[in-house]
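For the record, the sequence lines run as chains G and C. Following our numbering, the numbering of the first sequence begins with 1 at its first residue and continues without gaps. Following our numbering, the numbering of the second sequence begins with 1 at its first residue and continues without gaps.
If you're looking for bench data, these hints aren't it; they were derived computationally from the structure. None of the hints are false.
Which chain G residues stay away from chain C? Per the calculated CB distances, all over 12 angstroms, these:
1) 1
2) 2
3) 3
4) 4
5) 8
Calculated lysine-lysine pairs in the BS3-like style (CA-CA distance at most 30 angstroms, straight line):
6) C/423 to G/103
7) C/146 to C/343
8) C/432 to C/354
9) C/146 to G/103
10) G/103 to C/145
11) C/343 to G/103
12) G/103 to C/94
13) C/31 to C/432
Quick caveat: nothing in here was measured; it's all calculated off a predicted structure. Beta carbons are placed, not taken as given, at the ideal position from N, Cα and C, and that holds for glycine.
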Amino acid sequence: MMQPGLYHLLFISAALFFIGIYGFFTRRNLITMLMSIELILNSVNLNFIAFNKYLWPHKMDGLFFTVFIIAIAAAEAAVAIAIIINLYRSHNSIDVENAEELKY
Amino acid sequence: MNDLWILMKSELVITLIIFILLFIKLSRGMKNESLLALTQILLLANFIIGFFFNKQGSLFGDMFYTTPLIVLQKNILNLGVYLISLLCSGWLKKTPHLPEFFMLMLSALLGMFFMISSGNLLMFYLSLELASIPVAAMANFDLEKKRSSEGAMKMILSSAFSSGILLFGISLIYGATGTISFAQLSSQLDGSPLQILAFVFLFAAFAFKLSVVPFHLWTADVYEGSPIAATSFLSVISKGAIAFVFISALYRVFQPLQETWYIMLVILAIATMVIGNLFALRQQNIKRFLAFSSIAQVGFILVAISSNDSAGISSVVYFILIYVFSNLAAFGVASVITDQTGKENIDDYKGLYKTNPFLTWILTLALFSLAGIPPTAGFFGKLFLISAGAAKANYGFIIVVVLNLVISLYYYLRIVRAMFMDKNEQPVEKIKVTAAGKFALILCAAGIVLVGLLSWIYDYIVMINK
Numbered sequence: 001m002m003q004p005g006l007y008h009l010l011f012i013s014a015a016l017f018f019i020g021i022y023g024f025f026t027r028r029n030l031i032t033m034l035m036s037i038e039l040i041l042n043s044v045n046l047n048f049i050a051f052n053k054y055l056w057p058h059k060m061d062g063l064f065f066t067v068f069i070i071a072i073a074a075a076e077a078a079v080a081i082a083i084i085i086n087l088y089r090s091h092n093s094i095d096v097e098n099a100e101e102l103k104y
Numbered sequence: 001m002n003d004l005w006i007l008m009k010s011e012l013v014i015t016l017i018i019f020i021l022l023f024i025k026l027s028r029g030m031k032n033e034s035l036l037a038l039t040q041i042l043l044l045a046n047f048i049i050g051f052f053f054n055k056q057g058s059l060f061g062d063m064f065y066t067t068p069l070i071v072l073q074k075n076i077l078n079l080g081v082y083l084i085s086l087l088c089s090g091w092l093k094k095t096p097h098l099p100e101f102f103m104l105m106l107s108a109l110l111g112m113f114f115m116i117s118s119g120n121l122l123m124f125y126l127s128l129e130l131a132s133i134p135v136a137a138m139a140n141f142d143l144e145k146k147r148s149s150e151g152a153m154k155m156i157l158s159s160a161f162s163s164g165i166l167l168f169g170i171s172l173i174y175g176a177t178g179t180i181s182f183a184q185l186s187s188q189l190d191g192s193p194l195q196i197l198a199f200v201f202l203f204a205a206f207a208f209k210l211s212v213v214p215f216h217l218w219t220a221d222v223y224e225g226s227p228i229a230a231t232s233f234l235s236v237i238s239k240g241a242i243a244f245v246f247i248s249a250l251y252r253v254f255q256p257l258q259e260t261w262y263i264m265l266v267i268l269a270i271a272t273m274v275i276g277n278l279f280a281l282r283q284q285n286i287k288r289f290l291a292f293s294s295i296a297q298v299g300f301i302l303v304a305i306s307s308n309d310s311a312g313i314s315s316v317v318y319f320i321l322i323y324v325f326s327n328l329a330a331f332g333v334a335s336v337i338t339d340q341t342g343k344e345n346i347d348d349y350k351g352l353y354k355t356n357p358f359l360t361w362i363l364t365l366a367l368f369s370l371a372g373i374p375p376t377a378g379f380f381g382k383l384f385l386i387s388a389g390a391a392k393a394n395y396g397f398i399i400v401v402v403l404n405l406v407i408s409l410y411y412y413l414r415i416v417r418a419m420f421m422d423k424n425e426q427p428v429e430k431i432k433v434t435a436a437g438k439f440a441l442i443l444c445a446a447g448i449v450l451v452g453l454l455s456w457i458y459d460y461i462v463m464i465n466k
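For reference, chain G alone in the conformation it holds in the complex (with noise of 0.2 angstroms):
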C-alpha cells in the first residue's frame, strides 16, 4: 500500500482550507459560518502535523502549535455561541441576513 506523502497531505489542508474560505464567504446560518472556520483551523492543524512529520521531525514546534490551536479553537467557539444565543433573543434568528442594522 502506498504511503501518502507530504504532498498528498498539503493538497488536503490546501483544499480544506478553501472550502471554510467558500463556506464561510457563502453560508447565511452562523453557526455553518463558524463550522467553516473550524475548517480552517483544522487544515492549519494538518499543515502543521504534516511539516513536522516530514520535514522538521526533530523541532517539535508544529505538534506543540497544533494542540494550543484546538484549545484557543475551543475558547474562541465558546464566545461565539454565547453571542449568537444572545443574537438569536433578540432577532429571534441566526441568518446573517437578518442581522442588519449597521451599514454603510
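Given the coordinates of chain G, assemble chain C onto it according to the supplied hints.
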C-alpha cells in the same frame, strides 16, 4: 528567579487586579460606585508602578522579552485604560455587571502586553487571541440592544476568520523555515515564493486587526454597535497595541522581505487614507464618524512604518501617545452626551456651545488635534509621521498623504462648525459632568497641549529607542 518578577511586572500587576476583582465578585459583591472607585485607584497604581523597577531581558527561552521601549509602550496603554475607566464612569456605574466588564477589559490588556513582548510566533498567536476574544464579549455588553449583539457577532466572526488566515501563514512559515522563534526567523528568511505567500497571509491578518482598508469593513459596525467604553478601548488601546506589534514584527522579523512590504505598505496606506476620509465625510453618527476617522489615522501610521528606520518606530510611539489623549477626549465627550441624553447624531451637537461650553471646548481641542492643527500635539505627531515617511524620498507618495490631511480637515471642522455656529431649536440641555469625568477630560486636554509643547518627550522616546 528574581528576574521573572521584575521583567513580567506589568503582566503580573494586571493579573493581580483581575484576581482582586474576581474575589470581590465571588465574595459578597460591592456597590457599583465603590467598586468603580476601587478599580480606578488600582488602575492608577498600576500606571504609576509601570515607571519603576524596569529592566531589560528575556524569559522562557526568548519567548518573552522586554526593553525600555516596550515598557514605555505598555505604560501608554495603561494610561489609556485608566482614562477610559474615568471617562466612561457614567455608563460603567449603570451597568449591572461591572466587575465582569473590567475583567474582560483587563484580560484583553494582558493579552496585548504579552503580544508586545512576544518573541515567538506561538506566544504571539496565543496573546493575540487573548487580546481579541474578550473584546468581542465586551462589544456585546449592552445585552438588550439589537445593535450591540449584531456588532459583537461581526467582531467575533471577523476576528476568528482573520486568526485562521494568520495561522495558515504561520504554518507555511514553519514549513519553509522550520522555526517559529523571531530571532531565528529573521536569519532564515530569504524571499522564496513560499515565504512571500506566507508573509502575505500574515500581513493580511495584521491588516484585519489594524482595520487597514480592504479589511476594514467590520470596524464601523462594531464601533457603532458597542457600548462606548468598549468602543474607546477598541479604537485606542487595541489599535495602539497592534500598531506596536506590527512595527516590531516588520522591522525585527521580516526585515529580509522589506522590498516586498514597502510596496504593500504604500498601496495600503493610500487606500486606507482615501477610503477612510471619503466615508468619514458622509457619516451622521458620531461613533461611526470616529470609526472612519480612526481608519484614516491608521493610514498615516502606515506612512511612518514604511520608512523602515528608527525614526519610524519613535514617531509611531509618539503619535500613539497623542492619539490616546485626543481620541479618548473625543470619545469621552461623546460618552457623556450619549449617557445623559441618548443622542448620538452629529445634528444633535448643533448649538452645543450655548449650553455646554466646557464640553464644546474639549471636543474642539480633540478634533483639532486629530486633524493636526498647529498649537495642539496632533500637529507634531503628524509632522513626525510624515517626515519619517519622507525619508525614503518617495515624494509623490508624500504629496498624496498631505492632500489627504487637507481633506480630513473638512470633516473635523464640520463638527466644530455645528457646535459653535449652527442654530438649533432644541439643543442638548445643560449636562452635569461627574467629577471623575471632568478630571479625565481636563487631563486629556492638558495632554493634547503639553505633549506637543514639551520637546523632551519626543527626545526621550528617541533616546530609549536607540
